[in-house]
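J.: What follows is the residue order along each chain.
Protein chains: 2
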Amino acid sequence: MGSLPLDLPMKPLDPHAIAGDSQAILDFLAEYYRDVDKFPVRAADMEPGRVRKLLPEAAPEHGEPMEHILEDVRRDILPGLTHWQSPRFFAFFPMNASSAGLAGEMLSVGLNVVPFVWAASPAAAELESVVVDWMARLFGLPRRFLFSGGGGGVLQGSTCEAVVCTLAAARDGALGRLGHEAIARLVVYASDQTHATFQKGARLVGIPPSNFRVIKTSAASGYGLTAEAVRAAVDRDVGLGLVPLYLCATVGTTGLGAVDPVREIGEEARRHGMWVHLDAAYAGSAAICPEFQDYLDGAELADSVSMNPHKWFLTNMDCCCLWVARPRDLISALSTDPEYLKNVGAEDGGAGTPAAVDYKDWQISMTRRFRAIKLWVILRRYGAAGMRAHIRRHVAAAKWFEQRVAADERFEVVAPRRFSLVCFRLAPRSGRDDDDDDTNHVNRDLLAAVNASGRAFMTHFVVDGKFVIRLAVGGASTELQHVMEVWDLLQAIAAEVLHRHSTIQRNEL
Amino acid sequence: MGSLPLDLPMKPLDPHAIAGDSQAILDFLAEYYRDVDKFPVRAADMEPGRVRKLLPEAAPEHGEPMEHILEDVRRDILPGLTHWQSPRFFAFFPMNASSAGLAGEMLSVGLNVVPFVWAASPAAAELESVVVDWMARLFGLPRRFLFSGGGGGVLQGSTCEAVVCTLAAARDGALGRLGHEAIARLVVYASDQTHATFQKGARLVGIPPSNFRVIKTSAASGYGLTAEAVRAAVDRDVGLGLVPLYLCATVGTTGLGAVDPVREIGEEARRHGMWVHLDAAYAGSAAICPEFQDYLDGAELADSVSMNPHKWFLTNMDCCCLWVARPRDLISALSTDPEYLKNVGAEDGGAGTPAAVDYKDWQISMTRRFRAIKLWVILRRYGAAGMRAHIRRHVAAAKWFEQRVAADERFEVVAPRRFSLVCFRLAPRSGRDDDDDDTNHVNRDLLAAVNASGRAFMTHFVVDGKFVIRLAVGGASTELQHVMEVWDLLQAIAAEVLHRHSTIQRNEL
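First to last, the protein sequences are chains A and B.
Numbering of the first sequence is given in my numbering, commencing with residue 515 and proceeding in unit increments.
Numbering of the second sequence is given in my numbering, commencing with residue 515 and proceeding in unit increments.
Worth flagging that the hints you see were computed from the coordinates, not collected in a lab.
Some hints could be false.
In this list, chains with the same sequence are indistinguishable; a pair is considered to hold if it fits within one copy or across any two.
Claimed, not checked - Using 25 Å as the maximum straight-line C-alpha spacing, the simulated DSS-like pairs for lysine-lysine come out as follows:
no., residue 1, residue 2
1, 552, 525
2, 913, 525
3, 980, 552
4, 980, 525
5, 980, 567
6, 525, 567
7, 730, 913
8, 552, 730
9, 567, 913
If you're wondering where the values come from, they're calculated on a predicted model, not measured in any experiment.
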């Protein structure tokens, strides 16, 4: 190896170079996954600037062997990472990886074709439209989201991209009728449990931030929206001369895993001609199991649906499925037609026929990766049965944990578990509900101590003033055993924390 | 292998599963790159729907061995791909791949961490800020775009994302002063050579499409903008009560590789307080060579700069560097602060200090991949010297081709070559410039025949009514030999096409 001699022409795609560099990474990754359970889950060294100080100020002048680079990854980078693929990662939502996901991504990155228009790699564009149809069928989505049903899907990088695209489509539909000045009167609706991505997206497409409505939810509806609450908010805005544009319904909210009743609020939104987006970023994966498909009831009232295979569907980053009922709306808002794209084949390719999709007009960017082959490899490698088994073992593990929490009088379950997310806390010690400050303090300490142990990583949420600990089960290598161990860990640390707090309280008396 | 038994728990991250699935892909890719030159460069079978017909309507119920899947890739997918990594791919712009790029992406996808906030993987966030600083130094960007100079950079997926983010930042700055209703008065300026991504981006962020100004360029300025033309357009809009918001300056336009004079038009834009974005998506890579850095003269007048390592910098898809002079402007437009992100470490992480960047506030999406490690591996593996050699061999090959075209009286060079893109055509046969219909017809036939041969793939552009053929040199494995061969091919096919056209003309007389 050694540094590349300057007088030797580089052969960056030489099969031997590919084999050599890639093999070094494969060996590294095999070692990483053998050891990942030994790392503290959350980055142990949290000093800002630590990694920056370790690295030189400028890029090297000469090339280096891959082995040197990987030594630096081991020494400088790994200790500063939070290990999202640890089986003890229960924070945020899972971000799955798998051998098939890595393999599929290697194929995508290795072939490195760019299916931005159909003609630029027909098989890649068609594989994408096939794979999103497969996904829609697996989740039991209504026919209107299949290409054969007049709709269709696209693979994007994130929910936020999907939200921006659908918001732009809804907005341009409204502005087409009302004129551009009406942009200041358009209103977007979400709940106080909806992901912040919708607020960000609405602002990005030019909706005034003051026209983003956050509708309050409560324990009574399991923190889901109700038709009454939506109606009240919309009626108020209509009375003010504003224009209801877009409603987000979430199946499986980020904080608590709550579910908005899609049919109920969808009907309400329809009455006002609003665009309804169904966000099932995390929980959508569960719909591969028939026992979870009821949560998508009413999906035929939605104009668009999205879910992220990169969360709980064994798909390495990144991959978001977006389906729309009327592709034309999306394309009207997002298409461009410059001369340098009017190339051989683009004309004869029959754009407009369902078989020849120019996906650049279904997304924000012109450029795009061949994500379809990744998702296709995963579905082929594991099959629908394998994916259902993957989902069900996590749901079962979460259920086990929820039962333990409910059975331990020191703890309480704060919101109903619907999928694989359990929201719990140490219960108020006085038995009253109104000593939240104290209870929150104890729970904050509990979570901090668990995370500091390095043996698990969880994150929190706040609802009705309560600090809630979230156990999000779903890591690709997380099994029941890991959930059992985290329950042991929680009990042990809870005992210490409760003891410490009791001592402080006694001393304060 | 065989299908996964349902009663056996899946181990999707088992080191043996990773090794097995990945090795199959590595073997496949080694074979692919050994053979890539044998495939027709452009997909041979252009029948829409061909691939869709080959694939089943639904995902398989049971998993399959990777070998079966790869057999299907060989049989059903490869013949329908355009081979962007063929050394004979001269279309659009190059989209580089390399052994180090694949290795870096494998690391990124294999570790699969999500540095959306600093605390979610500190080393990943810090490596990103180090790597964008390295890149800025390599390209000789002004200090104001370095973190140490008060600015900073981020890795995104595409120029369009970078454009949307900077447009949103500029827009929100203006609306903060003028009120939201003023959105209908904001104007964005570009040239008739600017990438369509700016028009799409401006529309996405809510600028009225009628407020996107396309300023005409001409051969006299090498198809670059002039300060006079910008001034005239801006003065007209100011006179109408509109608000000049944003100007795009391009170094290396998509159609012709033209260069806008950044200093000249930057000064003009500054006079009106406009945001100036410098788009060097393709040609920015050349600035790693000192002899090309002059094209970036005036960059200190820009508010933001972007370039795409995934084009000509040996970086597999996707990677776009965006630098801004005032991160605060970007963060103001793009930040969100929901409770579920206020997690352990996020508070103590010292957000706001340059060392602890929450990159979710520097981009459209919340989620993000660990792209930094890919670019870092590439810079380490090849070194600055290696990258300069990579750029220079393509520039030399393009120069060689340009000289041949200029020396052959049947051909002409249509626009000056600045980097590695040569724009040429068969010259008007009458010697007059005004028989463009005939000349365009001949050139269309020439390009179609070259592409149909499968031995090269080029695309076209139209400027001043002329149909121009573009030879974009820059493929990772493209060497002088391939450019020589495409010149031979062009000469041979040109002789046939010219003969055929002469015969038709004679028959028509």
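J.: Against each hint, give a clear statement of whether it holds in the structure.
T.: A quick look at each hint next to the structure:
Only between protomers do residue 552 and residue 525 lie at most 25 Å apart by alpha-carbon distance; the minimum there is 18 Å, versus 38 Å within a single protomer. Within a single copy, residue 913 and residue 525 get their C-alpha atoms only as close as 54 Å, which misses the 25 Å cut-off; across copies the closest is 21 Å, which meets it. Neither within a single protomer nor between protomers do residue 980 and residue 552 lie at most 25 Å apart by alpha-carbon distance, with minima of 33 Å and 64 Å respectively. For the identical chains of this complex, residue 980 and residue 525 are neighbours neither inside a copy (59 Å) nor across copies (37 Å), given an alpha-carbon limit of 25 Å.
Taking identical chains as interchangeable, the C-alpha atoms of residue 980 and residue 567 are never at most 25 Å apart, the minima being 39 Å within one chain and 54 Å between chains. In this assembly of identical chains, the alpha carbons of residue 525 and residue 567 never lie at most 25 Å apart, being 33 Å within a copy and 38 Å across copies at closest. In this assembly of identical chains, residue 730 and residue 913 lie within 25 Å of each other by CA distance neither inside one copy nor across copies; the values are 28 Å within and 65 Å between. In this homomeric assembly, residue 552 and residue 730 never come within 25 Å of each other (Cα to Cα): the closest approach is 42 Å inside a single copy and 62 Å across copies.
Taking CA atoms no more than 25 Å apart as the test, residue 567 paired with residue 913 passes in neither setting, with 45 Å inside one copy and 42 Å between copies.
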